[in-house]
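Asks: The lines below spell out each chain.
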Amino acid sequence: KAGVTQTPRYLIKTRGQQVTLSCSPISGHRSVSWYQQTPGQGLQFLFEYFSETQRNKGNFPGRFSGRQFSNSRSEMNVSTLELGDSALYLCASSLKGLAGDSYEQYFGPGTRLTVT
Amino acid sequence: LAKTTQPISMDSYEGQEVNITCSHNNIATNDYITWYQQFPSQGPRFIIQGYKTKVTNEVASLFIPADRKSSTLSLPRVSLSDTAVYYCLVGDIYDMRFGAGTRLTVKP
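Keeping their order, the protein sequence lines are chains A and B. Note that the first sequence covers residues 297 to 412 in our numbering. Note that the second sequence covers residues 73 to 180 in our numbering.
Simulated from the structure, these hints should not be mistaken for laboratory data. By construction, the Cβ of each residue, glycine as well, lies at the ideal position given by its N, Cα and C atoms. Just to be clear, a hint being listed does not mean it is correct.
Capping the alpha-carbon separation at 20 Å, the derived lysine to any residue pairs in SDA-like fashion look like this [said to hold, decoys possible]: (1) A/Lys309 <-> A/Thr410; (2) A/Lys353 <-> B/Ala172; (3) A/Lys309 <-> A/Tyr399; (4) B/Lys75 <-> A/Gly338; (5) B/Lys75 <-> A/Asn355; (6) B/Lys75 <-> A/Tyr399; (7) B/Lys75 <-> A/Gln337; (8) B/Lys124 <-> B/Asp164; (9) A/Lys309 <-> A/Thr376; (10) A/Lys309 <-> A/Glu400; (11) B/Lys124 <-> A/Glu400; (12) B/Lys75 <-> A/Thr376; (13) B/Lys75 <-> A/Leu379; (14) A/Lys353 <-> B/Lys75; (15) A/Lys353 <-> B/Glu89; (16) A/Lys353 <-> B/Tyr166; (17) A/Lys353 <-> B/Tyr123; (18) A/Lys309 <-> A/Phe360; (19) B/Lys75 <-> A/Thr410; (20) B/Lys126 <-> B/Tyr104; (21) B/Lys75 <-> A/Gly336; (22) B/Lys126 <-> B/Ser81; (23) B/Lys126 <-> B/Glu89; (24) B/Lys75 <-> B/Tyr123; (25) B/Lys75 <-> A/Phe341; (26) A/Lys353 <-> B/Lys124; (27) B/Lys126 <-> A/Tyr399; (28) B/Lys124 <-> B/Asp154.
In silico contact screen, one side only, chain B against chain A (beta carbon under 7 Å); selected entries [what the hints assert, rightly or not]: (29) Pro79; (30) Asp103; (31) Tyr104; (32) Thr106; (33) Gly115; (34) Phe118; (35) Gln121; (36) Arg140; (37) Phe170; (38) Ala172.
The whole structure should be built from the sequences, with the hints applied where relevant.
Replies: This is how it looks when you write it as structure tokens:
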């Protein structure tokens, strides 16, 4: 079956702008998580959505937001971009939702965001 | 949320067995232990997961002692293509966070 897809793959934005990234999970997966990866901070958890509800949230400012649609597709938005937001943004989907579901996350290729 | 501690880097040679140990002293009863592999510019890839004792699949083994305060990922006979960052995660069904990871370099 098709893997996790993320669009766009590359993006260049200017400070102060906003950006929306999209993630399509594996069919049947209801949990979608977002991560930010930078050389200095590594992989940092942003938030997780399950059945259109944010279930967990990392330690990021309110400029970072997300949502999940009824078909499990997810978007994340970053407003008022800063230079430090330049990173690889990864989306992961999994079955996890009920006890007994697999904890295995399947990651997409990521969106490389560059803020200038 | 259980915090994990791993070595920052490790070197090995082709054909050797590599063991990467992760410490997670405050692991909770419901927490599972999961390992991921990541190559540059790619998303992490699931390797193995366990709760206690030993788990083995086609690519790795995971050893978990009875107190579950640590775990060891064992990669048999590594090759150059195993050069990557390996992450140990500890958490329950709702929340798993990545640590700093171990950068494994396999040399010829």
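Asks: Would the hint linking lysine 353 of chain A and lysine 75 of chain B be met if the CA-CA limit is 20 Å?
Replies: holds, 17 Å
Asks: Going straight from one Cα to the other, do lysine 126 of chain B and tyrosine 104 of chain B come out at no more than 20 Å?
Replies: holds, 13 Å
Asks: Is lysine 124 of chain B within 20 Å of aspartate 154 of chain B, Cα to Cα?
Replies: Not satisfied, since the Cα-Cα distance of roughly 25 Å exceeds 20 Å.
Asks: So, as I understand it, the hint says phenylalanine 118 of chain B touches chain A; can you test that by seeing if any CB pair is closer than 7 Å?
Replies: Holds. Min distance 5 Å.
Asks: Within 20 Å, alpha carbon to alpha carbon, are lysine 124 of chain B and glutamate 400 of chain A?
Replies: holds, 17 Å
Asks: Measuring from the C-beta of alanine 172 of chain B to each C-beta in chain A, is the shortest one below 7 Å?
Replies: Alanine 172 of chain B check passes; min Cβ-Cβ to chain A is 6 Å, inside 7 Å.
Asks: Starting from lysine 75 of chain B, check that the Cα of tyrosine 399 of chain A is at most 20 Å away, please.
Replies: holds, 18 Å
Asks: Given a cut of 7 Å on the nearest C-beta pair, is the interface hint for phenylalanine 170 of chain B held or broken against chain A?
Replies: holds, 4 Å
Asks: Quick check on the hint: proline 79 of chain B CB to chain A CB, less than 7 Å?
Replies: violated, 15 Å
Asks: Taking 7 Å as the limit, does the beta-carbon of tyrosine 104 of chain B come near enough to a beta-carbon in chain A?
Replies: Interface hint status for tyrosine 104 of chain B: holds (5 Å vs cutoff 7 Å).
Asks: Quick one, are lysine 353 of chain A and tyrosine 123 of chain B close enough, alpha carbons at most 20 Å?
Replies: violated, 24 Å
Asks: For the hint on aspartate 103 of chain B, just tell me whether its beta-carbon gets within less than 7 Å of chain A.
Replies: Constraint on aspartate 103 of chain B not satisfied, violated at 10 Å.
Checked against the numbered hints above, the structure violates hints 3, 10, 12, 13, 15, 17, 19, 22, 26, 28, 29, 30 and 36; every other hint is satisfied.
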